[in-house]
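Protein sequence lines correspond, in order, to chains A and B.
So that you can map any letter, position 196 of the first sequence is 196 in the UniProt record's numbering, and since no number is skipped, the others follow by simple counting.
So that you can map any letter, position 246 of the second sequence is 246 in the UniProt record's numbering, and since no number is skipped, the others follow by simple counting.
Be careful, since some hints might not be right.
[Stated by the list, open to error] Covered by chain A, according to a simulated footprint, are these stretches of chain B (three or more residues, beta-carbon under 8 Å):
#1 140-152
#2 160-174
#3 261-267
#4 330-336
#5 341-352
[Unchecked claim] Examples of chain A residues lying across from chain B (beta carbon under 8 Å, computed):
#6 40
#7 130
#8 324
Everything labelled a hint here was simulated from the structure, so no lab data went into it.
Quick reminder that beta carbons are idealized off the backbone N, C-alpha and C, glycines included.
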Amino acid sequence: MVDVPEVPLMGKVKGKSGPLARRPDNSAFKQQRLPAWSPMLTANTVLPFFYLMSLICMLLGVWLLLTVQSTQEIKLDYTEAGTCDICFEKRKNSSNAAQPCSCTLVFPIKKALKGDVFFYYGLQNFHQNLRRYMDSRDDGQMVGRKKNLKDQNGLPIAPCGAVANSIFNDSFILTYHGSSGPSVLVPLLRKGIAWYTDKNVKYRNPNNDNMTLVQAFEGTAQPLYWQKPVYELDPLDPTNNGFINDDLIIWMREAAFPNFKKLYGVLYRANQPFTKGLPAGNYTINISYNFPVQYFQGRKEVVLTTLTWFGGQNHFLPVAYLVTSCLTLLMAVILTVAWWKFGKNGKRMEE
Amino acid sequence: MRPTQEDSISGNYKEIFLEICRNCSAVLCCRMAPLQKAQIVKLIKASKEHPITLAIGDGANDVSMILEAHVGIGIMGKEGRQAVRNSDYAIPKFKHLKKMLLVHGHYYYIRISELVQYFFYKNVCFIFPQFLYQFFCGFSQQPLYDTAYLTLYNISFTSLPILLYSLIEQHINMDILKKDPSLYRDIAKNSLLRWPIFLYWTILGVYDAIVMFFGAYFLFDNTTFTSNGQLMTTNTQMMFGNWTFGTLVFTVLVFTVTFKLVLDTHYWTWINHFVIWGSLIFFVVFSLLWGGIIWPFLNYQRMYYVFMQMLSSGPAWLSIILLITASLLPDVVKKVIWRALWPTTTERIQNADKLYKGQLSEFTPLASLHAPSKAGSHRRGSGNERNVPNPRRLWLKRDKRSRTIRSPKEERDNEVRMMKKAAAAVMMRRMALK
Numbered sequence: 001m002v003d004v005p006e007v008p009l010m011g012k013v014k015g016k017s018g019p020l021a022r023r024p025d026n027s028a029f030k031q032q033r034l035p036a037w038s039p040m041l042t043a044n045t046v047l048p049f050f051y052l053m054s055l056i057c058m059l060l061g062v063w064l065l066l067t068v069q070s071t072q073e074i075k076l077d078y079t080e081a082g083t084c085d086i087c088f089e090k091r092k093n094s095s096n097a098a099q100p101c102s103c104t105l106v107f108p109i110k111k112a113l114k115g116d117v118f119f120y121y122g123l124q125n126f127h128q129n130l131r132r133y134m135d136s137r138d139d140g141q142m143v144g145r146k147k148n149l150k151d152q153n154g155l156p157i158a159p160c161g162a163v164a165n166s167i168f169n170d171s172f173i174l175t176y177h178g179s180s181g182p183s184v185l186v187p188l189l190r191k192g193i194a195w196y197t198d199k200n201v202k203y204r205n206p207n208n209d210n211m212t213l214v215q216a217f218e219g220t221a222q223p224l225y226w227q228k229p230v231y232e233l234d235p236l237d238p239t240n241n242g243f244i245n246d247d248l249i250i251w252m253r254e255a256a257f258p259n260f261k262k263l264y265g266v267l268y269r270a271n272q273p274f275t276k277g278l279p280a281g282n283y284t285i286n287i288s289y290n291f292p293v294q295y296f297q298g299r300k301e302v303v304l305t306t307l308t309w310f311g312g313q314n315h316f317l318p319v320a321y322l323v324t325s326c327l328t329l330l331m332a333v334i335l336t337v338a339w340w341k342f343g344k345n346g347k348r349m350e351e
Numbered sequence: 001m002r003p004t005q006e007d008s009i010s011g012n013y014k015e016i017f018l019e020i021c022r023n024c025s026a027v028l029c030c031r032m033a034p035l036q037k038a039q040i041v042k043l044i045k046a047s048k049e050h051p052i053t054l055a056i057g058d059g060a061n062d063v064s065m066i067l068e069a070h071v072g073i074g075i076m077g078k079e080g081r082q083a084v085r086n087s088d089y090a091i092p093k094f095k096h097l098k099k100m101l102l103v104h105g106h107y108y109y110i111r112i113s114e115l116v117q118y119f120f121y122k123n124v125c126f127i128f129p130q131f132l133y134q135f136f137c138g139f140s141q142q143p144l145y146d147t148a149y150l151t152l153y154n155i156s157f158t159s160l161p162i163l164l165y166s167l168i169e170q171h172i173n174m175d176i177l178k179k180d181p182s183l184y185r186d187i188a189k190n191s192l193l194r195w196p197i198f199l200y201w202t203i204l205g206v207y208d209a210i211v212m213f214f215g216a217y218f219l220f221d222n223t224t225f226t227s228n229g230q231l232m233t234t235n236t237q238m239m240f241g242n243w244t245f246g247t248l249v250f251t252v253l254v255f256t257v258t259f260k261l262v263l264d265t266h267y268w269t270w271i272n273h274f275v276i277w278g279s280l281i282f283f284v285v286f287s288l289l290w291g292g293i294i295w296p297f298l299n300y301q302r303m304y305y306v307f308m309q310m311l312s313s314g315p316a317w318l319s320i321i322l323l324i325t326a327s328l329l330p331d332v333v334k335k336v337i338w339r340a341l342w343p344t345t346t347e348r349i350q351n352a353d354k355l356y357k358g359q360l361s362e363f364t365p366l367a368s369l370h371a372p373s374k375a376g377s378h379r380r381g382s383g384n385e386r387n388v389p390n391p392r393r394l395w396l397k398r399d400k401r402s403r404t405i406r407s408p409k410e411e412r413d414n415e416v417r418m419m420k421k422a423a424a425a426v427m428m429r430r431m432a433l434k
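Start from the sequences, fold in the hints, and give me the full structure.
See below:
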């Protein structure tokens, strides 16, 4: 057999013939010889990293813990508390839905809440994350495309869907009874509490350049459980009326879990005595009790809390960081012992 | 050894023959008809452990044997193309079998076993949080992640890294694999796809999923988990909802499974870098785009701005970093401990390669690197540790010290000299003991 003389090895040579004609290219890619870095997870490389990480986690955990400790939270369950159980009984009967009912809740604040104070309403056992509930909304309608309205008894409903229908409609008035002087109404800012993008882009009223909101919503009906139509949610402020009402927007952002809180308002700190937060003393909340919860064995509550950049009273993250730091340190120590005892592999291989 | 009466009547010497063959390291059969070749292969295939058989041949008479064996290799030889046409793999010369088996076969096994295990792992990590979420959403089949994420997870976000891994990965240098056939024992008997390893990957997946889900759960549940922003401007403390929760879990998920592959990759070419970091960047860019505009043709806008809001929150970043770390920690620890206490032959060779930085000379006996570790060596099939001191170890020490480049003839002479010396030393020791 005659050998074809060796052709140059690098690169593809055209026009070969003979037994070497179909030899694959001698390129780095095709011969699997690409330049590469081959790291290895050995004790030498990993141990310093573990120690460093455990230190960082420890520092972070401690810092976060200190940050969280500086927040204060007050929770009040008012489902049946005090005078509210009359309303609770009343709301058991859905034919009373149109009748208002109010009750009061008295509570003390022992230590002043310094800084910005946030007022939340909370629900327990209300599954806003149920699939059919979450599907039951029309984002197209809420963004102002009027032609997406759906039919019910001949008139389309605005806003439609179960999410909007079940909007939380209790309202609260907070009063401060200082040791000196008369009772002062605690001013709460009820606007600007939703996501900027929600308020300004995702939710838009149907086009009403030269019409009032009432005219824009002409030909629609209010949702079944509502007591007033959507264009009367805040008649005094056109930027908070209709679909772009802050309360509605906040409610429409479905919570992830059955026990949740939603923002109701922020303390307005321009005037005395609230310039530094909520002073200590007795407070009264006057609740307009509308939302019935006994159908789903739920509870309602009111939460007052101060926040830091890190959020409210949530001890999970600092504790998790501290735990991770301890575990990492433990692992690092075990690894060091193992590495020391059983030989620094690679140096004492012949043992 | 005589067969029993019935056996000899029916001519059934198969069991005895098989028994004898299994006790030999090599069996030579000559003057075999094609059918008999196939029968031999069948006999071995049916023996007790059902081994994987390989048949190699170059002529038409080898065809039945090639077809019978699990892996049939044909040699393009002088006797025509019959064998090649019926084979699974075709090579031009017999000598190529060595590289094909020891290098390519070994690589493909490593790659495919990692591919299979990783695929199951990443899908367990993907779906288990959704399963856990059902306990909190009233068992109503509410998906945790948005539909776009559900669709694209296996297609775009996590597919390319493992694909490129399974094409390119080289856990040990090719030359070392060629030189030391005993490394093949590490993967013998399908060792990387057995139940213990598969269970390990599955449990790791379940653990990661639990960490991801409950880590995010405790962050969200009943707390005022918000994004930070200045008050009284348009971005006041915002509430996070269901889709933000799902997106947080999904972000941790994508980064965790990709970093798991990062930890498993031993051979980092530019392609690996490109694909891995590219996939992560693609995920981020896609999320930004998907939530960035009000899509005109969609009726639901539930992801609008969710990703950006999540990223603008300090606690979200901290928890992402923590959850990724917590998910990957056990695997890293396991790897390092196993490597330190019970290294496989493969890992020892990797150590040696790193130590000598590729300067292992052509004639360094790698047997000397198979030193049994103190803590025991009962790993994946590599049970060939010898406790007798290897006389050639002396030679390795010498090599380490000198490190000069010698010509092959010099090396060979050296080898012979050292072997004689070592043999003499052993003799002396034996005589001393007597």
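Each hint tested on the structure:
With a cut-off of 8 Å between beta carbons, the region 140-152 of chain B has 4 residues touching chain A; three or more are needed, and the interface restraint holds. With 3 residues having a Cβ less than 8 Å from any Cβ of chain A, the region 160-174 of chain B passes the three-residue criterion, so the hint holds. Residues of the region 261-267 of chain B with a Cβ under 8 Å from some Cβ of chain A number 3, which satisfies the need for three, so the listed coverage holds. Remark: the region 330-336 of chain B is confirmed as covered by chain A, as 4 of its residues place a Cβ nearer than 8 Å to a Cβ of that chain, reaching the required three.
Requiring three or more residues with a Cβ within less than 8 Å of a Cβ of chain A, the coverage given for the region 341-352 of chain B holds, as 6 such residues are present. The closest approach between the C-beta of residue 40 of chain A and any C-beta of chain B is roughly 6 Å, which is under the 8 Å cut-off, so the hint is satisfied. Among the interface hints, the one on residue 130 of chain A holds; its C-beta lies about 5 Å from the nearest C-beta in chain B, closer than the 8 Å criterion. Hint status for residue 324 of chain A: holds, given a least beta-carbon distance of 6 Å to chain B, under 8 Å.
In this structure, none of the earlier numbered hints is contradicted; all agree with it.
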